[in-house]
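Undergrad: Each chain, written out:
Number of protein chains: 2
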Amino acid sequence: MNAPPATPARPLCIKLHPSDNVAIVVNSGGLKAGARLEDGLVLVDAVPQGHKVALADIPKGGAVIRYGETIGYATLPLGKGAWVNEFLVELPEPPPLASLPLATNVPAPLPPLEGYSFQGYRNADGSVGTRNILGISTSVHCVAGVVDHVVALIKQRLLPKYPHVDDVVGLNHLYGCGVAINAPAAIVPIRTVQNLTLNPNFGGEILVIGLGCEKLQPERLMPELSPEAARRNILSLQDERFTGFQAMVSGILEMAEARLELLNRRRRETCPAADLVVGLQCGGSDAFSGVTANPAVGYAADLIVRAGGTVMFSEVTEVRDAVHLLTPRVVDEAVGKALIREMAWYDDYLARGSTDRSANPSPGNKKGGLSNIVEKALGSIVKSGTSPIQAVLAPGERATTKGLIFAATPASDFVCGTQQLASGMTLQVFTTGRGTPYGLAAAPVIKVATRRDLAARWHDLMDLDAGRIATGEASIEEVGWELFRLILEVASGKKPWSDVWGLHNALAVFNPAPVT
Amino acid sequence: MNAPPATPARPLCIKLHPSDNVAIVVNSGGLKAGARLEDGLVLVDAVPQGHKVALADIPKGGAVIRYGETIGYATLPLGKGAWVNEFLVELPEPPPLASLPLATNVPAPLPPLEGYSFQGYRNADGSVGTRNILGISTSVHCVAGVVDHVVALIKQRLLPKYPHVDDVVGLNHLYGCGVAINAPAAIVPIRTVQNLTLNPNFGGEILVIGLGCEKLQPERLMPELSPEAARRNILSLQDERFTGFQAMVSGILEMAEARLELLNRRRRETCPAADLVVGLQCGGSDAFSGVTANPAVGYAADLIVRAGGTVMFSEVTEVRDAVHLLTPRVVDEAVGKALIREMAWYDDYLARGSTDRSANPSPGNKKGGLSNIVEKALGSIVKSGTSPIQAVLAPGERATTKGLIFAATPASDFVCGTQQLASGMTLQVFTTGRGTPYGLAAAPVIKVATRRDLAARWHDLMDLDAGRIATGEASIEEVGWELFRLILEVASGKKPWSDVWGLHNALAVFNPAPVT
Ligand SMILES: [Ca+2]
Ligand SMILES: [Ca+2]
Ligand SMILES: [Ca+2]
Ligand SMILES: [Ca+2]
Ligand SMILES: [Ca+2]
Numbered sequence: 006m007n008a009p010p011a012t013p014a015r016p017l018c019i020k021l022h023p024s025d026n027v028a029i030v031v032n033s034g035g036l037k038a039g040a041r042l043e044d045g046l047v048l049v050d051a052v053p054q055g056h057k058v059a060l061a062d063i064p065k066g067g068a069v070i071r072y073g074e075t076i077g078y079a080t081l082p083l084g085k086g087a088w089v090n091e092f093l094v095e096l097p098e099p100p101p102l103a104s105l106p107l108a109t110n111v112p113a114p115l116p117p118l119e120g121y122s123f124q125g126y127r128n129a130d131g132s133v134g135t136r137n138i139l140g141i142s143t144s145v146h147c148v149a150g151v152v153d154h155v156v157a158l159i160k161q162r163l164l165p166k167y168p169h170v171d172d173v174v175g176l177n178h179l180y181g182c183g184v185a186i187n188a189p190a191a192i193v194p195i196r197t198v199q200n201l202t203l204n205p206n207f208g209g210e211i212l213v214i215g216l217g218c219e220k221l222q223p224e225r226l227m228p229e230l231s232p233e234a235a236r237r238n239i240l241s242l243q244d245e246r247f248t249g250f251q252a253m254v255s256g257i258l259e260m261a262e263a264r265l266e267l268l269n270r271r272r273r274e275t276c277p278a279a280d281l282v283v284g285l286q287c288g289g290s291d292a293f294s295g296v297t298a299n300p301a302v303g304y305a306a307d308l309i310v311r312a313g314g315t316v317m318f319s320e321v322t323e324v325r326d327a328v329h330l331l332t333p334r335v336v337d338e339a340v341g342k343a344l345i346r347e348m349a350w351y352d353d354y355l356a357r358g359s360t361d362r363s364a365n366p367s368p369g370n371k372k373g374g375l376s377n378i379v380e381k382a383l384g385s386i387v388k389s390g391t392s393p394i395q396a397v398l399a400p401g402e403r404a405t406t407k408g409l410i411f412a413a414t415p416a417s418d419f420v421c422g423t424q425q426l427a428s429g430m431t432l433q434v435f436t437t438g439r440g441t442p443y444g445l446a447a448a449p450v451i452k453v454a455t456r457r458d459l460a461a462r463w464h465d466l467m468d469l470d471a472g473r474i475a476t477g478e479a480s481i482e483e484v485g486w487e488l489f490r491l492i493l494e495v496a497s498g499k500k501p502w503s504d505v506w507g508l509h510n511a512l513a514v515f516n517p518a519p520v521t
Numbered sequence: 006m007n008a009p010p011a012t013p014a015r016p017l018c019i020k021l022h023p024s025d026n027v028a029i030v031v032n033s034g035g036l037k038a039g040a041r042l043e044d045g046l047v048l049v050d051a052v053p054q055g056h057k058v059a060l061a062d063i064p065k066g067g068a069v070i071r072y073g074e075t076i077g078y079a080t081l082p083l084g085k086g087a088w089v090n091e092f093l094v095e096l097p098e099p100p101p102l103a104s105l106p107l108a109t110n111v112p113a114p115l116p117p118l119e120g121y122s123f124q125g126y127r128n129a130d131g132s133v134g135t136r137n138i139l140g141i142s143t144s145v146h147c148v149a150g151v152v153d154h155v156v157a158l159i160k161q162r163l164l165p166k167y168p169h170v171d172d173v174v175g176l177n178h179l180y181g182c183g184v185a186i187n188a189p190a191a192i193v194p195i196r197t198v199q200n201l202t203l204n205p206n207f208g209g210e211i212l213v214i215g216l217g218c219e220k221l222q223p224e225r226l227m228p229e230l231s232p233e234a235a236r237r238n239i240l241s242l243q244d245e246r247f248t249g250f251q252a253m254v255s256g257i258l259e260m261a262e263a264r265l266e267l268l269n270r271r272r273r274e275t276c277p278a279a280d281l282v283v284g285l286q287c288g289g290s291d292a293f294s295g296v297t298a299n300p301a302v303g304y305a306a307d308l309i310v311r312a313g314g315t316v317m318f319s320e321v322t323e324v325r326d327a328v329h330l331l332t333p334r335v336v337d338e339a340v341g342k343a344l345i346r347e348m349a350w351y352d353d354y355l356a357r358g359s360t361d362r363s364a365n366p367s368p369g370n371k372k373g374g375l376s377n378i379v380e381k382a383l384g385s386i387v388k389s390g391t392s393p394i395q396a397v398l399a400p401g402e403r404a405t406t407k408g409l410i411f412a413a414t415p416a417s418d419f420v421c422g423t424q425q426l427a428s429g430m431t432l433q434v435f436t437t438g439r440g441t442p443y444g445l446a447a448a449p450v451i452k453v454a455t456r457r458d459l460a461a462r463w464h465d466l467m468d469l470d471a472g473r474i475a476t477g478e479a480s481i482e483e484v485g486w487e488l489f490r491l492i493l494e495v496a497s498g499k500k501p502w503s504d505v506w507g508l509h510n511a512l513a514v515f516n517p518a519p520v521t
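Line order of the protein sequences matches chains A and B.
Just add 5 to the spot in the first sequence (first one is 1) and you have the working numbering.
Just add 5 to the spot in the second sequence (first one is 1) and you have the working numbering.
Think of the hints as simulated: they come from the structure by calculation, not from any bench.
A quick note: this is a predicted structure, and the numbers were derived from the prediction, not measured.
Hints are supplied without guarantee of correctness; some may be wrong.
You can't tell identical chains apart in this list, so a pair holds if it fits in one copy or across any two.
Quick list of in silico lysine to aspartate or glutamate cross-link-like pairs, EDC-like style, CA-CA up to 20 Å [stated by the list, open to error]:
id, residue 1, residue 2
1, Lys372, Glu224
2, Lys407, Glu478
3, Lys160, Glu262
4, Lys372, Asp153
5, Lys20, Asp62
6, Lys371, Glu224
7, Lys371, Asp244
8, Lys372, Glu245
9, Lys20, Asp50
10, Lys372, Asp244
Can you make the complete structure from the sequences, with help from the hints?
TA: Below, the structure is given as structure tokens:
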């Protein structure tokens, strides 16, 4: 990307919906008190970039309206042209889960989109990977040091001999022992670790390194393996055939080489866009997220769905306050109930920890102009586009349907990424307003900046600049199409910036159960 | 270590206390039905190594007694010579917390031990490190990929220029954002991450890499820094002075080099053993843990306390069922109440997750002969030796007293290790019956095997063989002294096996609060 002017010269605000009584400041550096907008409105306060300006007088207790929805109530009388910051907006109650309309406004199927494809790795089970990776999973964190050790050796000694294998990735995680494995909520981390091994990017040739005495026995981790396949894919360090550390290392390298030989025979082939499984999330959101990056992502999501592919959106705490806008869109009542079940589960999970949804947003969100979780949620769900919601997954469940899916996960970036990998995601699109070097080792991540200034400053970390939408230099549709084409390129092997630099976050398996 | 015969030739069982009605089988491979012990007892079942034999007829519902304590009740009548396995022993109720005797049997101070010292790095605050490490901490996991990237560069480009610096360690963790930071239990991970930066092995020269928009702002992580020191030690990637990734990398390398120059001026100096801060834990315990390794560790713990040093024992779920043996040993009622507070907190934490203490032990513990958590706990607390308990720390609190301290942590090996590092531990002693490659990057870990066969097979992973105690080849006192001397050597710079191979687990900060 070049680094064009990051801000319009004239004072510019964006109002999104006809009934909104606030608009957000586009200009980098914000606007000063006295600045006059095109429509004649004069700012009475200095307002930072991304923050809200009152478009009309709002009485104390009056609704503050953005996206055509109430994002809160004024705690003081707000004059026209005033800065509407987080301290002036009281959080409304969340939508009550018992009385939501289910499948009352299911969108008509979008018109099919033909003729788009990518170069992927087709697996025996019909799924398609965007990468050809030797994955080395673990049944317990105890073995993590050994996995790091052998991954380094494999990269150095073996990988150069197998040029058609893209990478070797150690799937270390903190689960597996020292946990309440029979607690009701333990089902979440267990199936997450299980389903991670099935991610299409590992081509069905994953290794599992276990210790031997752990609670999550390796066989439990890959329950569908035949005993013969288990001998091929699973190794326990406590196995009495190993005398000394070097024997363990040799044993792992031998198993790894056998997998590498098989993986190396694979070639990319032309696959329809219907074989995409794209995960969506945001991190470090700002007030532009819901105006620029997320609508463009929503447009691209619709394109993928129209092409027959799979799109997952996630992040329960960022959906909760806008769930009343989603339940009408589910394909049937069962899916609607599943959506409500996940919201209720999370409400309860937070309550058990004596907290609630106001724990989100972060200071950076607020600095970026997001007053509260309602405003954040309204901007967040825009990523889902306009298609019917076909299915809802509990955390870590695998996707089995095409189309738009709500995959319940925490909003935490690395937890969401890990859970979507378990659900079968092979490429992630990540929108950010504040900026993050986030990346995943097991699947490429395309990062979309909400603002021109971020995209310009982080020119070698951001993959796409959606800030042009706010300045009027590009439309939502244009950036949506750009993103769709970039998804196809990255799915075909192009490296996004996080992979150019090798910036990868750890797996963070969601464990809502206690540790012991 | 050489690899001498791992098992006695004659059938051998160990009874620990005069009132015990079970003994455990010492022989590798176990004993067959019909085997005759020295005292004439004939086994009626085959009994695996480490498992229990009934020394007398035990009626249904009768107490099964080991360590002179009831470890459970027989679920069936057990004949003399029978195998007493986990299915035949019912878990008793845990000691009720409301009625425990506090400070009723405070041990007399042990006789002082003079003349022992090690070569350590003395810090400005009076603490002493066993290593001279450049620590690079993080306020949030988002930056983990960047930290890994710069740590590799520092090792390659900078560390060779600073030969007196032992290592550079990235302190990545999963906390910092996407968490309920205002939940009551969030105090635990917050102070853990804070106190990690103060570990004596970092010499007060730690760097903190932040993102900028995270909930746990870097300034909150190091609250005692002056603004000037904060500029020297803290860097946020979102700082607008950085244009592009390479600028961030250069910024970090510059700060790192300034720290390395200071750390490189440090030299080891003779420090009394009173400056040791040794953490204790076990992992992959078996029935020998409480007979061989843990008693030897307990003996060494007493030597450290006698020398004026600090010893931490931990692992709440493995102490809970033997807490009635600890509360009499606390120095005063306040410390006793703190010990009970930590037990009650954990009971409640497990109950909130709809589980209880029976979630521990693991399958490997059971395979090793430990029937249940009571038997495991009785064997575990032996590590604490015989001195008075001077203080109790809530998870992640820093030690401020010398002597024996109970530092409350989960039993999970890597969580316990992380929490003890936060409490100021500079060297850890780890006992294991099943074997684990566990290690920590920030402090050396001495691994003590409970059995000869494990020590022989894992000859280059285990640092000390306590199995000789079971076979009668060495006494508890002898192995205890060996361990004490090894602690002084390792504290002076000798590398235990995990550091020879570079096998290190990730930090696993204890977060009992929800993620969001
Ligand atoms: Ca988000
Ligand atoms: Ca997120
Ligand atoms: Ca990647
Ligand atoms: Ca333990
Ligand atoms: Ca442990």
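Undergrad: Take the hints in turn and mark each one as holding or not.
TA: Hints and how they fare:
1. Lys372 <-> Glu224: between (48 Å within a copy, 16 Å between copies)
2. Lys407 <-> Glu478: neither (34 Å within a copy, 66 Å between copies)
3. Lys160 <-> Glu262: within (11 Å within a copy, 29 Å between copies)
4. Lys372 <-> Asp153: neither (38 Å within a copy, 28 Å between copies)
5. Lys20 <-> Asp62: Result: close within a single copy only, 16 Å intra versus 84 Å inter.
6. Lys371 <-> Glu224: between (46 Å within a copy, 18 Å between copies)
7. Lys371 <-> Asp244: between (53 Å within a copy, 17 Å between copies)
8. Lys372 <-> Glu245: Classified as between; 14 Å across copies, 57 Å inside a copy.
9. Lys20 <-> Asp50: Within one copy, since 18 Å is at most 20 Å while 81 Å is not.
10. Lys372 <-> Asp244: Between copies only: 14 Å across chains, 54 Å inside a chain, cut-off 20 Å.
This entry does not satisfy hints 2 and 4, going by the numbered hints stated previously.
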